[in-house]
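So the chains spell out like this:
2 protein chains.
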Amino acid sequence: MQPTIINIIGRGNVATHLLRAFDAVEGIYPTMVNPHTFEGLHEDADFTIISVSDNAIAEVADKLPKLNSIIAHTSGSTSIDVLDSRSEPTGVFYPLQTFTKDKSLDYSEIPFFIEGSSGEVADKLMELAGKVSKNVIKADSGKRRALHVASVYACNFVNHLWSISDSILKENGMNFDVIRPLLKETLNKTGTMSPHDAQTGPARRRDTNTINSHLDFLLKSNAPQEQIEIYNLLTSSIIQSFKE
Amino acid sequence: MQPTIINIIGRGNVATHLLRAFDAVEGIYPTMVNPHTFEGLHEDADFTIISVSDNAIAEVADKLPKLNSIIAHTSGSTSIDVLDSRSEPTGVFYPLQTFTKDKSLDYSEIPFFIEGSSGEVADKLMELAGKVSKNVIKADSGKRRALHVASVYACNFVNHLWSISDSILKENGMNFDVIRPLLKETLNKTGTMSPHDAQTGPARRRDTNTINSHLDFLLKSNAPQEQIEIYNLLTSSIIQSFKE
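Taken in order, these protein sequences are the chains called Z and U. Residue 58 in numbering that gives the first Met the number 0 sits at position 59 of the first sequence, with consecutive numbering throughout. Residue 125 in numbering that gives the first Met the number 0 sits at position 126 of the second sequence, with consecutive numbering throughout.
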């Protein structure tokens, strides 16, 4: 079998983890390429993956020498068109995960979202992603945008609610750790039923006594106005979502 | 060592899991007691745990015969005063977890929140909880209310955001499974840093281009009005929480 050579342009978290993931695959030879000097670049690599911050992709794509390679970026929120200045085949190679440099990850679980400038290019990128992950999905910019919006609700907004929860616990002499087992179980539940079916709590039960007691608690403990607005809006949204 | 006898009054999820948890401990003999007929009741049990729905606790407490036992209920959102009709020592024995009958759980991880009608009673209930869990916390009604409010934000509201995320993914031909690895990692992160420090996403970066592109997406895909309001409110709350 021919060896597969990959240029990974970048030095950040995603680049580091892609290098590590490909390094573990037999027959794949990834090299980390300096995004400023292009030191380490193989002109005849099979794939060149630009893994730099979103607003630096265009500049790197402009400055790259002519290659005999598929060129793809790793940004979920950037169109494939950012690579339009290239004459090579192009694509998107987007791993959906929050990467931290020093933390090891099970790459086989990470979903990869793939787009190609042609069907053939998409197939080659999907095959490459399939070497590290068992979860490879073809997704154009529109689908990736939907995915990004969905993950803002599911992760960024969720993390903010955890932050509010953490501050309420701390103010009352408790620690976020007391709530973590419940959180894990709530997340596990979504593996066996839809989040909608798994919904519990006072809003789901339309338990206005408890809801009022909670609002009373928030007012008396001088909670920030946004916390109260969030309580009200999410409560009414849950009630709304269970209306016939 | 004296055997410890426990009446567990109830037939629901919490009662079932408490029975299972205590059954596994040497020297502890739990019995499930019918909450209507009190069949199976030991009058000289060391502990009698009323584990019925919140609004049935008072009735069960009224009807129970005189016992030689500490009597505690398992409700996080009910005051210890609901047991005031009793002449026995009373308490609260509240495990913070979402219980499903058929699902096995690691009880040692579940936090128990304990209150007693006296310090001595609280100590006995804490000792009992310590037989199944390594995470036992003394908490009066005020502290339990704070905990309940915090868990509404961290679990119920979070689950609703997952439900919104799920519906956006489904409408775009994807499945909630694609987002689960990211969720797990987001949750893991809160084990090593506070949720506030772990916050990422467009609102955290004040990336108004992305925020506007997401709102545009929601409008064009005819998202329910609440979804857009939630996007706006949580975005501005995140921005607010990172203001100096």
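Among the clues, some could well be false.
Chain copies aren't distinguished; within one or between two, either way the pair holds.
[As the list claims (entries may be wrong)] In silico lysine-lysine, DSS-like type, Cα no more than 25 Å apart, as pairs: (1) Lys123 x Lys242; (2) Lys242 x Lys137; (3) Lys137 x Lys123; (4) Lys169 x Lys183; (5) Lys133 x Lys65; (6) Lys142 x Lys130; (7) Lys219 x Lys133; (8) Lys183 x Lys102; (9) Lys102 x Lys62; (10) Lys133 x Lys183; (11) Lys130 x Lys102.
Worth flagging that the hints you see were computed from the coordinates, not collected in a lab.
Please write out, lowest number first, the hints stated earlier that are contradicted by the structure.
1, 2, 5, 7 and 9
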